[in-house]
Structures are given as C-alpha cells and as structure tokens.
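Engineer: Assemble the complex: chain F is given as a structure, and chain U must be docked to it using the hints.
So you can see what is in the structure, the chains are spelled out below.
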Amino acid sequence: LAKTTQPISMDSYEGQEVNITCSHNNIATNDYITWYQQFPSQGPRFIIQGYKTKVTNEVASLFIPADRKSSTLSLPRVSLSDTAVYYCLFNDYKLSFGAGTTVTVRA
Amino acid sequence: EAGVAQSPRYKIIEKRQSVAFWCNPISGHATLYWYQQILGQGPKLLIQFQNNGVVDDSQLPKDRFSAERLKGVDSTLKIQPAKLEDSAVYLCASRPGTGGTDTQYFGPGTRLTVL
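One line per chain: the protein sequences are F and U, in this order.
Under my numbering, the first residue of the first sequence is numbered -14, with each subsequent residue one higher.
Under my numbering, the first residue of the second sequence is numbered 34, with each subsequent residue one higher.
Just so you know, the hints here were simulated from the structure itself, not pulled from any lab data.
Note that the structure is a prediction, hence the values are computed from the model and not measured.
Check the hints yourself; a few may be wrong.
Unchecked claim - Simulated pairs of lysine to aspartate or glutamate, EDC-like, Cα-Cα distance not exceeding 20 Å: (1) F:Lys79 - U:Asp135; (2) F:Lys37 - U:Asp119; (3) U:Lys95 - U:Asp119; (4) F:Lys79 - U:Glu47; (5) F:Lys39 - U:Asp135; (6) U:Lys116 - U:Glu47.
To be verified - Examples of chain U residues lying across from chain F (beta carbon under 8 Å, computed): (7) Gln74; (8) Gly75; (9) Pro76; (10) Gln81; (11) Val87; (12) Asp89; (13) Ala121; (14) Leu124; (15) Ala126; (16) Thr136; (17) Gln137; (18) Phe139; (19) Gly140; (20) Gly142.
We put the beta carbon where it would ideally sit given N, CA and C, even for glycine.
This is chain F alone, in the form it adopts within the complex (with noise of 0.2 Å):
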C-alpha cells in the first residue's frame, strides 16, 4: 500500500508553477521523501528528495514543514514536455508507488 496521498490529476498552463502536495500522515523518522516523474512509455525518473526544509534543484524544488506530514513539488514555469505522471514516496529499499499525480500543461 503506498504511505503517501496525493492529487489525481492537475492542469496548468506553460510558463505557470505547478505546486503538487502530498500527505505522509505516518512518516518515520528515518524517512526521506522523494519524487519521480514518468512520461508515457518511459520508466519513472528521479526528480528530487529531501527530509526537511527546502531542497531546490534544476528541475523542483521540494518544501518539507517541520512536520514533515506533508511535502509540496513545485516545478516552476513548466512547458508542454512537463506533462507527465508525477509520484511521491519515500525512498526506502522498496518503493511503494500510488496512483501518482497527473499533470497536464495547455499551451
């Protein structure tokens, strides 16, 4: 079962940002939370992981209150080719993979 809950689906427009926040209720202590993203007939990809604050990357950046029960993707002034699955887990030795986010950019 994933340990994660997140939106279905979002819709956007290029140029916008797009903040996609996930719930982790039962996080443990030594949990990092950590997003992929899947194109269609692709494998998912690493995006960006963290355990606390704020951890940015050329890609995201990924906001963690110090709670740490929920964590929110932001991806910033996305395209077209953004469009894809988008998943929040932790990175553990198995990952448990939900439904994930579909994010959909409009020109």
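Structural biologist: Frame of chain F; chain U shown alone:
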C-alpha cells in the same frame, strides 16, 4: 553512463503462452528490481534482488512468474503460462546500494500484451 537496458520493448502473445524479459542493470549496481505497471496505475514491485539473492518476492505470483539473476548482473523475468491480466509494462530498475538515500534508475520497460 549507460542506463538500465531492457528487451524486448514490446511483446504480444496469446494466453497460456510463455514469455521472458531481460534486464541489464547499470554496471556496479547491487540491487535489481522488477515492477509490473498496469495501465493507469503506479508500478508494483514484483521482486527485488541483492546481488544474485532474492530479498523480497512477496508480491510475485509464484505459480506463474519466475525470475533469476545469475552472477549478480543480468536478470530475466518469465511468465508461464500467461493470463490476460498479465498485460502490463514490466519495468526493471537498479540502484547502487541497499537503501538510504540512493535512487533507483528505471529502464524503459517491456510492454506485454496478452490476447
């Protein structure tokens, strides 16, 4: 660095036939995974290998699915006999270690259609 390789990319068989998938992980990666992804769902772990030993196969339908990882490198996943509900994408992934913060790297998958 070469990624995770899988073959074939597509396979169409009839029910009750057998099929095998091959995976070559990233060089040096100790841990290898096979996932099943049904259309519209997230990947579901079937089996995890640590080198050439099985760590977790709790979700592998052992009456029809089998997997091996000889010499701790390449791996094959077999279905015999196939059922209609086995239609899915089979993903192979590898990671350097056994946990912590290192990430999994996925191959492109093999799309299986059972008619």
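Engineer: So which of the earlier hints does this model not fit?
Structural biologist: Hint check: 2, 4, 11, 13 fail, others pass.
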